[in-house]
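Using the sequences and the hints given, assemble the complete structure.
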Amino acid sequence: MSLIAAKDLSVAYGGGTVLQGVDLTITPGEIVTLVGPNGSGKSTLVRALVGSVPLSRGRVTRKPGLRLGYVPQKLAIDPTLPMTVTRFLNLPHRSDAATQAAALAQAGATSLADRQMSDLSGGQFQRALLARALLNRPELLILDEPTQGLDQPGSAAFYRLIEDIRTSLGCAVLMVSHELHVVMSASDRVICLNGHVCCEGHPEVVAQAAEYRALFGSGTQGALALYRHEHSHSHDHPHGHEHSHSHEHTH
Amino acid sequence: MLDDFLIRAALAGMGVALAAAPLGCFVVWRRMAYFGDATAHAAILGVALSLALSLPVFTGALAVALVMALAVVYWSGREVAIDTALGVIAHSALAFGLVAITFVDGARLDLAAYLFGDILAVTRGDLAIIWGGAALVLALLAWRWNALLTATLSPDLAAAGGIHARREQMALTVALALVVAVAIKVVGALLIGALLLIPAAAARPLSDTPERMALIAAGFGVLSALGGMQGAFWLDTPAGPTIVCAAALIFVAVQSLRGLFRR
Numbered sequence: 001m002s003l004i005a006a007k008d009l010s011v012a013y014g015g016g017t018v019l020q021g022v023d024l025t026i027t028p029g030e031i032v033t034l035v036g037p038n039g040s041g042k043s044t045l046v047r048a049l050v051g052s053v054p055l056s057r058g059r060v061t062r063k064p065g066l067r068l069g070y071v072p073q074k075l076a077i078d079p080t081l082p083m084t085v086t087r088f089l090n091l092p093h094r095s096d097a098a099t100q101a102a103a104l105a106q107a108g109a110t111s112l113a114d115r116q117m118s119d120l121s122g123g124q125f126q127r128a129l130l131a132r133a134l135l136n137r138p139e140l141l142i143l144d145e146p147t148q149g150l151d152q153p154g155s156a157a158f159y160r161l162i163e164d165i166r167t168s169l170g171c172a173v174l175m176v177s178h179e180l181h182v183v184m185s186a187s188d189r190v191i192c193l194n195g196h197v198c199c200e201g202h203p204e205v206v207a208q209a210a211e212y213r214a215l216f217g218s219g220t221q222g223a224l225a226l227y228r229h230e231h232s233h234s235h236d237h238p239h240g241h242e243h244s245h246s247h248e249h250t251h
Numbered sequence: 001m002l003d004d005f006l007i008r009a010a011l012a013g014m015g016v017a018l019a020a021a022p023l024g025c026f027v028v029w030r031r032m033a034y035f036g037d038a039t040a041h042a043a044i045l046g047v048a049l050s051l052a053l054s055l056p057v058f059t060g061a062l063a064v065a066l067v068m069a070l071a072v073v074y075w076s077g078r079e080v081a082i083d084t085a086l087g088v089i090a091h092s093a094l095a096f097g098l099v100a101i102t103f104v105d106g107a108r109l110d111l112a113a114y115l116f117g118d119i120l121a122v123t124r125g126d127l128a129i130i131w132g133g134a135a136l137v138l139a140l141l142a143w144r145w146n147a148l149l150t151a152t153l154s155p156d157l158a159a160a161g162g163i164h165a166r167r168e169q170m171a172l173t174v175a176l177a178l179v180v181a182v183a184i185k186v187v188g189a190l191l192i193g194a195l196l197l198i199p200a201a202a203a204r205p206l207s208d209t210p211e212r213m214a215l216i217a218a219g220f221g222v223l224s225a226l227g228g229m230q231g232a233f234w235l236d237t238p239a240g241p242t243i244v245c246a247a248a249l250i251f252v253a254v255q256s257l258r259g260l261f262r263r
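Sequences listed follow chains W and X, in order. Each residue of the first sequence is one higher than the one before, counting from 1 in the working numbering. Each residue of the second sequence is one higher than the one before, counting from 1 in the working numbering.
Derived by calculation from the structure, the hints in this document are not laboratory data. Misleading hints may appear alongside valid ones.
So the derived list for chain X, only partly shown, Cβ under 10 Å to chain W, looks like this [said to hold, decoys possible]: (1) Arg31; (2) Ala139; (3) Ala142; (4) Ala151; (5) Leu153; (6) Asp156; (7) Ala159; (8) Ala165; (9) Ala200; (10) Ala201; (11) Glu211; (12) Arg212.
Computed cross-link-like contacts, SDA-like style, restricted to lysine to any residue with a CA-CA straight-line distance of at most 25 Å [as the list claims (entries may be wrong)]: (13) W:Lys7 x W:Pro28; (14) W:Lys63 x X:Gly162; (15) W:Lys74 x W:Leu161; (16) W:Lys63 x X:Gly161; (17) W:Lys74 x X:Thr209; (18) W:Lys63 x W:Ala113.
We put the beta carbon where it would ideally sit given N, CA and C, even for glycine.
Below, the structure written as structure tokens:
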């Protein structure tokens, strides 16, 4: 049973086609990373899944009653709009204090509760956005370039946080990334996008794929090793299968 | 009590201020200041049409303000930037209104009343319309409040939460047209923008949440209306502009006090 599935999804803006014939399925518990060059339609795909961009063809099916947490790409809060983190957590629906406290703790943002959103640093802001996305205990967490503007330790810490949350909530994660090397080792599956799905599969399979190398070059190979912390589950698979995400989590 | 024209005027000013200030917060947050002005200027065409057709001024102003606001929402984001779309529609409507009004017998003398307001001429019927319209605007804002805030923050977040950002924008547009229509008799088409913006801008430094800003703005709006009326009475000045002056003085006072406490 998939959480969300796109079938033959196409999106067009003002005459130009941004996405064409994308098929995508997210199953419970997996971490999927979406990579691709600028303008490849990564954000558009995520926004189409979330429902903020109309499709020109195809469809998106959700599991009935799917609990979705969404962290949009950098959100500019106008400084004329006063907004504490706590108030932000109550948008668009009010949530009770205990739920908020739990979400803030999970996102490592407990100390930010009374701060103004416009005063937060990049990393703090992302944690506030993440806390908001965690309020409904999501089955699927969608993050659009969540580490944009963070330095390397900052983004490594953020990715570790996402993995911890995945472990404790058991949610699936769909993440858009421009930092290939960092994300790839943390993912169960990588989808390489360039207007359409170029290649897809286990990180190491994709990293070797000709389509991926054509898009990104092989320069990230060395860096791939950088962020490979105690994330060892089910890497003992034979990696021969493309398009596979059959991690049964039997550890 | 309502026999006293000063009391009627004060009540009219309060009603308009109460509705305009919270709506003005959204105008500030969404950077729609020019949109508010443009809607108000276009309403002059509505005034001209109402006088020509012997309709209540409120009806014509509301109709034209609505049509113009919806046209801008529909048209902008296509091949025209929103401020250009606003400029084309609003200035044209204002010009056509000013031209059309000269064809209406005796209306030329009244023109100033609709540009700058004639709050002392407010009748009981006007009061009913003003407070009815204000109540409608406040009810609309209260009903859509969280959805409007979310759509203001991020259309993407709104969509993920099942909110149609465009529909919320329509709600704001309708509210804006209503405020313009009820305010045109009180402060006039040229000064409605001020009543939207200045109390909200004055409330910003004193607020840590959107709700607080809306409440403080409403308070400042009412204070401006009453203070302006009082000032106009003492100084024998036109009431509409004096109300806006009062709002501006509140803004300056808040900014100066903040400057003092910061030091």
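Verification of the hints:
{"no.": "1", "hint": "Arg31", "in the structure": "holds, 7 Å"}
{"no.": "2", "hint": "Ala139", "in the structure": "violated, 19 Å"}
{"no.": "3", "hint": "Ala142", "in the structure": "violated, 14 Å"}
{"no.": "4", "hint": "Ala151", "in the structure": "holds, 9 Å"}
{"no.": "5", "hint": "Leu153", "in the structure": "holds, 6 Å"}
{"no.": "6", "hint": "Asp156", "in the structure": "holds, 4 Å"}
{"no.": "7", "hint": "Ala159", "in the structure": "holds, 3 Å"}
{"no.": "8", "hint": "Ala165", "in the structure": "holds, 8 Å"}
{"no.": "9", "hint": "Ala200", "in the structure": "holds, 8 Å"}
{"no.": "10", "hint": "Ala201", "in the structure": "holds, 8 Å"}
{"no.": "11", "hint": "Glu211", "in the structure": "holds, 8 Å"}
{"no.": "12", "hint": "Arg212", "in the structure": "holds, 7 Å"}
{"no.": "13", "hint": "W:Lys7 x W:Pro28", "in the structure": "holds, 18 Å"}
{"no.": "14", "hint": "W:Lys63 x X:Gly162", "in the structure": "holds, 16 Å"}
{"no.": "15", "hint": "W:Lys74 x W:Leu161", "in the structure": "holds, 18 Å"}
{"no.": "16", "hint": "W:Lys63 x X:Gly161", "in the structure": "holds, 16 Å"}
{"no.": "17", "hint": "W:Lys74 x X:Thr209", "in the structure": "holds, 21 Å"}
{"no.": "18", "hint": "W:Lys63 x W:Ala113", "in the structure": "violated, 32 Å"}
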